[in-house]
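Visitor: Below are the chains, spelled out letter by letter.
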Amino acid sequence: MVVSPDIALQVVIWGLYAGCIYILLATGLNLIFGVMKIVNFAHGELLMLGAFVTFTFFTISGFNPYVLLAASVPILIVLGVTIERLCFRPILGTGKLNEIFISLGLIYIIQNAAAIIWTDEWRIIHSPYESITISVFGVNMPLDYLIIIITTIAILIALYLFLRKTTLGRAMRATSQNRKGAMLMGINVERMDMISFGIGAGLAGAAGTLWAVSGQVFNPYMGSLPAIKAFAIVIIGGLGSIPGAIIGGLIYGIAENFAIFTLGGAWKDAISFLILILVLIVRPTGIFGESSE
Amino acid sequence: MKKLLAIATVLIIGFALMAGCTEQQASGDELKIGVVASMTGAASTTGKDVWQSAVLAADEINAAGGVYVEELGTKIPIRLVQGDDESTREGGQKAVSRLITQDNVDVLVGGFSSAVVSAHQSIVAEYKVPYIITGASTPIITRRDDVDTFYMFHHAPTTDDSGSQTTLFIDDTIRPAINEKFGFSADRPLRLAILYQDSPYGKGQQDAIKNTIAQENLNIEVVSEETFKMGETDYRTVLTSVKNSDPDVVYVVAFLNEQIPAVTQARRDVGMNAIFIAVEPNDDPDYYSGVGRYGDYSIVQSRFSPYAVPKGPIEASVEKFVTDFDEKWGGFPGMMGAATYEGVYIAARAVEDAGTLDKAKVRDAIAQVEMPQMVEAMKDQTIRFSDDYRESKFDLYMEQLFWDDDLQETRPKIVWPASLKETDFVLPDWFEPGKE
Amino acid sequence: MQLAALAAAAVIPFLLGANLYILTVLILMLVFIIYSSAWNFLTYTGQGSLGHAAFFGLGGYGSTLIAVATGLSPYITIFIGAGLPALVGLFIGAICVRLKEWFLAMVTFGFAIIIQTLMVSQFSAWSGGWDGIASPRLLSSSIPNYLLIEYYSILAITVLVIVLFAIILRSRIGLAFAAIRENELEARAAGINPVKYRLFAFMTSAYFAGVAGALEIHHMGYITPEIFGVDISFWPVIYSISGGLGTLAGPIVGTIVITLLWDGLQSLGISYARYIVIGILLVLIIIFLPKGLVSLPGRIREWMEKRAKKA
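Chains as they are written, first to last, in the numbering used here: chain A, 1 to 293; chain B, 1 to 436; chain C, 1 to 311.
Just so you know, these hints were derived from the structure itself, not from any lab. Don't be surprised by glycine CBs; every beta carbon is placed ideally from N, CA and C. Possibly wrong hints are sitting among the right ones.
Over 12 angstroms on every C-beta distance to chain B, these chain C residues come out as not near it, computed from the model [stated by the list, open to error]:
1) A69
2) P136
3) L147
4) I223
5) P225
6) I227
7) T259
Restricting the straight-line Cα-Cα distance to at most 30 angstroms, the calculated cross-link-like pairs of lysine-lysine (DSS-like) are [unchecked claim]:
8) B:K379 to B:K128
9) C:K291 to A:K96
10) B:K32 to B:K435
11) A:K96 to C:K100
12) B:K435 to B:K311
13) B:K379 to B:K413
14) B:K435 to B:K181
15) C:K196 to A:K180
16) A:K96 to C:K310
17) B:K413 to B:K359
18) B:K379 to B:K393
19) A:K180 to C:K310
20) A:K180 to C:K100
21) C:K306 to C:K291
22) C:K196 to C:K100
23) A:K37 to A:K96
24) C:K306 to A:K37
25) C:K306 to A:K180
Derived coverage of chain A by chain B (criterion: at least 3 residues anywhere in the stretch with Cβ under 8 angstroms from a Cβ of chain B; other residues may be distant) [to be verified]:
26) 16-26
27) 139-153
28) 176-183
29) 260-273
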C-alpha cells in the first residue's frame, strides 16, 4: 500500500514518542547487563510501579505529573537496589537459568502486590496539557508527546554525562568492561552492581511516569509487554550496546507498524518475535552484540 | 523407610486437608447456589462484580424470608458458595467439580469466558446441575452438539445479539441521518469500518455484524476490517489504515482499557472525524472519565448503564439496584453483575415454581420461567428462555455520549430503540462522512 | 521409595473418596506431572524454555484432529498427535541450538505467541479459530466409574513416561546431556555433538509435553487457543524449580506440593496473595534451596547432624 510522505512523517514522529519508553527501558537493561552481566525479566514490573507511584502521588497532590518524576525515580532506585541485594546478589554466578527463574518469582510477587495495593482496575491520569496540540514540521502532535521526547533526551544526556564525566560513572564503565580488572584497581564491584541496578530501575520508573502521563491506561499486569519489546530491542541491538538499542528500537518500531499495515493488528506481537528470531538465527548475539560473552 | 513413610504421611495429610477444608455440611434446608466467578486471574474485575451482585440478590431474598419450597412446607434461605475459576480452564474445572461434589450445590450461576466455561460444561452436563450462565458471550455455549446442554441456560446477550442489534441501529438511524445532512442519495450505503479485538469476543462480533448485513440485506458497505491484540495500547498505525478506507462509522469491539486509547488516538492523533461505536463492556464510569472529550457524540451499545436508565418499567428497580449496591459495596455494578443478580432471582423463582430442590424439576421450571424483567430490559419485558437453545433475549439499547460542562465528562443518553429512547441521535458539526 | 509412592498414588482415591472433585484434581495433577517432567527433561541440556505451552497445546490440537478424523480412541491418538509438537520442537530446537539461555527463553516465549496467532488466523479452518473444537473424551461418561478408570490409566501413562525418562537419563545420552550442560567446549572436545543431543532433548521434551496436553484436552472435552497462554508456559517452570531442577522426583514433588498449596490457600479464601506466596517461595528456593524441595530432607538431616556434632 502506498504511504504518502506526510503520513510517513507522522508515523516517524509517533515512533519517536513511543520509542522513548522503550529506549528508557532498554538503556536500563543494558546498564544492568553491562555491569552485572545478568538480565532481569521483571524489568517491566518496575515500569508498572513507576506508573502507579505517579498515579498515587498525582491523586493525592494533584501536582503536574511530569514533576512527579522526582517521586517515581528515587523510589524506584531504592526498590531496584533492594531487589538487587535481596534477590540477585545471592545468586550471582550460580547459572543463567537461575536468573531467569528468580525473575519469574519477582514478576509474580510485584504484579500481585500491586494488585493488592491498588486493585487490578485499569487506571488512567490526564495530563494538564492533554488537549493542547502543536505543529512540528507540519505534523500535528499533542504537546505531551513533545515534552516526553524532550524529557527522555534530557534523561539520556544526564546519564551520558554521569557515565563519562563522574568518577562513579567511570568506575561503573570499568566494571562493565572488565570486572576482575576493576576489582584489582580497588573498585567496589558490589557497590557498582547495586548502583547500576538502582539506576536501571530508576530509568524504568521514569518510563513508567511518562507512560502514565501520556494518557495510557495501566494496571498491575501491563508491565510485561513493554518489557518484552524492550528485551527484543536490546537483543536485536546487542546486549550491552546503547547505540544498538536505539537503532534496534527504531527498526522495531518501523517494522512493527509496517506489519500492522500489511498483516493486520493481530500479528503485532507475533511479528515482534519473528523479527527477533530471524535476527538471532543470522547473528546469535544480536546486530551489535559482542561475539563472545 | 522412615523417610518415605514421612513423605507419604505428609502427602496424605495434605490431600485430606484440602479435601476436608472444603467439605460442607450437607443440609436439606438451604438453597445452595454455586457462583462461578473469576475472582483471580486475568478476568478478576468481572469476578468481583459477579460475586458482589449475587450476594446482594441473596441477601435481599433472605431478608424477605427466603425461598418457599412447597415440598418442605417452609421458606428456606439461600446460601451462596463461591467458586473461583481463576480465569483458567483448569481452575474452572476444579471450582465447578468442587461446587458439585463437595458443596453439593443445587444450582450454578455465573461463568465468564467461553474458554473456561467450555472446559467444564461436560461436568455440569454429566451431573445434571442447572447452570444459569450470566457471563460468557459466545453463542456456542448452549448450542454444542458434543455435550448435552439441556441443563444450561444462557442469560447474557450473545455476540450475535449485540452485533446484530448495533448493526440494525447503524442502518436505520445513522445511515439516513448522514444521507440527509449531506444531501446524499437515499440509497448511498453507509461506510462501516470494523476494528476488533483478536479474541473470541471480537471475532464473534465481527461475524455477527457481517452476517446481519447479509441476512437483513442492509445498505452497509464494510470498507475496512482491522484487528488488534488484547491489551494493545498503540492504535495509531492501524487507525491510519482505517482512516484511509474513508469510513462514516467505526465500530470498535474493545474493552475499556483498549477503547479509551483507541478513540483518543483516533480523534486526537490520527485526526478522524467519524462516529465511533463502543460495545457494552464500556458502559462503565471509568470509560467516561478516561475517554474525556474525545468520546463526545460517540455511541455505546448497552443493556445496563451506570448513568442512563431506560425510562419506564425498569427505571425504579435499576435505580434501587444501583443504590443498594453502592451502599453495600461502594461503587457501581457492571452488566455481568446485573445479569448474575437476575440469575440468582431466576434460580429462586424456579425453585418456588418447581416446589422442590430436585434438580430435574428445577431445570424444567427454569426452562418455563416467565418473570417480569428486573434491572435489564428484556424483549417483551419478560425474562424467559427460548425453546431451542435456552437463551434469554435482551432489549439492547444504544446511547449517545454528550459532553457535560458541569461534570467535565460525557454522559450517555439513550437514542434507540424507539421504545426506550430519551433523545434523538445527532450528528456533530465536526463529523466528516466518507466519500460519497 | 518409588514403589511406596506408587502404592500411595494407587490407593489415594479410595482414601479420600473417589468423587468428582478429588478425581478431577488428581487427574489434572498427573497431567501436569507429565508436563513438568517433560519441561524439566529439557533443562538437563541447560535449555530453559518459557514457551512450552506451544507443545502442550499442539499436542491437544494434534490428538483432537486425528481422533475426530479417524475415530480412533484418544488413548491411541495422544501418542500420534504428540508427533506434531515433536516436529515443531525439532524446528524450534534447531533455531535455538546455538542460543544462550536468555535468548532461548525469549525465543521459546515468542514461539508460543507465534503459534497461538497462527492457530487463530492462518490455521483457523482446522483449529476452529477462537471458538475452538470439541474433543472426544478419553472415556465415555456412560461407563460406570469412568473417572476412576481415567485416573488409573493416566497414572499408568505417567509412570511409563517417568520410567522412560529415567532410562534415558541413566544411559549414555544422559551422560552426554550432563557433559553439554556443564561445559560445552569440553564436551565437544570429547567428541560429543551438542547439536544432536540438544535437538533430541527438544523433540522428546516437546513430544511428552504434547502427550500431557492431549490428555488434558481429552479429559476436558474441548480445546480453545487459550491453551497457549503464558500461565500454561509458566506452571511447569514453577513446579520443576520448587521440586528440584534436574532431578526426576523434582517435577513430581513440585507439582504435588505447589498444587496442594495453591488449592489449599484458595480454600482459605486468599486470592492475589497466593501468587505472592508462590513468587516468594520460588525466590527463596532459588536462593536457599537451589536443588528444590527434594533436597529438603537431605538438608535438614545435614543441619541436624551438624548440630549433633556441635553438642
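Visitor: So, for every hint listed, does it hold in this structure?
Guide: How the hints compare with the structure:
no.: 1; hint: A69; result: holds, 15 angstroms
no.: 2; hint: P136; result: violated, 8 angstroms
no.: 3; hint: L147; result: violated, 9 angstroms
no.: 4; hint: I223; result: violated, 9 angstroms
no.: 5; hint: P225; result: violated, 8 angstroms
no.: 6; hint: I227; result: violated, 8 angstroms
no.: 7; hint: T259; result: violated, 9 angstroms
no.: 8; hint: B:K379 to B:K128; result: holds, 28 angstroms
no.: 9; hint: C:K291 to A:K96; result: holds, 15 angstroms
no.: 10; hint: B:K32 to B:K435; result: violated, 59 angstroms
no.: 11; hint: A:K96 to C:K100; result: holds, 9 angstroms
no.: 12; hint: B:K435 to B:K311; result: violated, 38 angstroms
no.: 13; hint: B:K379 to B:K413; result: holds, 20 angstroms
no.: 14; hint: B:K435 to B:K181; result: holds, 14 angstroms
no.: 15; hint: C:K196 to A:K180; result: violated, 35 angstroms
no.: 16; hint: A:K96 to C:K310; result: violated, 36 angstroms
no.: 17; hint: B:K413 to B:K359; result: violated, 42 angstroms
no.: 18; hint: B:K379 to B:K393; result: holds, 6 angstroms
no.: 19; hint: A:K180 to C:K310; result: violated, 38 angstroms
no.: 20; hint: A:K180 to C:K100; result: holds, 23 angstroms
no.: 21; hint: C:K306 to C:K291; result: holds, 20 angstroms
no.: 22; hint: C:K196 to C:K100; result: holds, 17 angstroms
no.: 23; hint: A:K37 to A:K96; result: holds, 10 angstroms
no.: 24; hint: C:K306 to A:K37; result: violated, 36 angstroms
no.: 25; hint: C:K306 to A:K180; result: violated, 35 angstroms
no.: 26; hint: 16-26; result: violated (count 1)
no.: 27; hint: 139-153; result: holds (count 3)
no.: 28; hint: 176-183; result: violated (count 0)
no.: 29; hint: 260-273; result: holds (count 7)
When each numbered hint is compared with the structure, violations occur for hints 2, 3, 4, 5, 6, 7, 10, 12, 15, 16, 17, 19, 24, 25, 26 and 28.
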